[in-house]
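J.: Model the full structure from these sequences, guided by the hints.
Final position of the sequence shown in full-length UniProt numbering is 257; the numbers increase by one with none missing.
In case anyone wonders, no lab produced these hints; they're calculated from the structure. Predicted model only: the values in this text are computed from it and were never measured. Watch out, some of these pointers could steer you wrong.
What the hints assert, rightly or not - Computed spacing ranges between beta-carbons, pair by pair: (1) Glu3 with Asp59: 41 to 49 Å; (2) Ala164 with Arg42: 33 to 41 Å; (3) Ala257 with Glu217: 33 to 41 Å; (4) Thr8 with Glu171: 34 to 42 Å; (5) Leu254 with Thr127: 17 to 25 Å; (6) Ser179 with Glu46: 21 to 29 Å; (7) Ala230 with Thr26: 15 to 23 Å.
We put the CB at the ideal spot given by N, CA and C, even for glycine.
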Amino acid sequence: MIEILNPTELDRARGAGALVADILQTLKSRSTVGTSLLDLDRWAREMITEAGALSCYVDYAPSFGRGPFGHHVCTSVNDAVLHGLPHAHALADGDLLSLDLAVSLRGVVADSAISFVVGETRPTGSTEMIEATEQALAAGIAAAGPGAHVGDISHAIGTVLTGAGYPVNTEFGGHGVGSTMHQDPHVSNTGRPGRGYRLRPGLLLALEPWVMADTAELVTDPDGWTLRSASGGLTAHSEHTIAITEDGAEILTLPAA
1 MIEILNPTEL DRARGAGALV ADILQTLKSR STVGTSLLDL DRWAREMITE AGALSCYVDY
61 APSFGRGPFG HHVCTSVNDA VLHGLPHAHA LADGDLLSLD LAVSLRGVVA DSAISFVVGE
121 TRPTGSTEMI EATEQALAAG IAAAGPGAHV GDISHAIGTV LTGAGYPVNT EFGGHGVGST
181 MHQDPHVSNT GRPGRGYRLR PGLLLALEPW VMADTAELVT DPDGWTLRSA SGGLTAHSEH
241 TIAITEDGAE ILTLPAA
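T.: Right, here's the structure in full:
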């Protein structure tokens, strides 16, 4: 299903995006050495509830997971990159943490992810990896606009990631959002320009470049959810929800200045 939002729904999407961005930045500020991933999940639940929003993850039960997910935010540490199930892990100095959050507010969903290093230590390659996903995300957004194709976004993202020396996994990527978290079209993190769905004003897309240091192969934890690098190397993940407008693309999940 592909939804095209009307102006009223787009205003609601802006509110959802602002909420997601605010929660992620608050969680980042609280992600200090010794913080438990379960505390991050609890704080996310409290902020979502206080805002009158709904978590998109608690009842999330896709075919690839051992669902329902049962938590409010994905917490992926070091070699974990996607769908990290919160558990009793205390963050350590130098942990590379990715937080992925999707909420529904007034019937419209926004989805975003950030990666950062906890504490003072910076593991080798961590800063460069995070920056590569952020730069790929910016390139994908720059390629989005009315009349462009999904393949244009995928090509822009993939060009940055491969140019930085990272293998690209195509099992999971960006996607449409709207009244639900995961919709068509799928937005791969590499692709050919001029191919795929032609973008229209009112379309919401969650773009999410992610990489693993030296492999494109994922393995799944015994928890049935957490996806890790098969090599055990570091990973990073960046994501924004954007709205296609008459003039280009509007980022809905930017943190407040």
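J.: List in ascending order the numbers of the hints, as given earlier, that are violated by the structure.
T.: 1, 7
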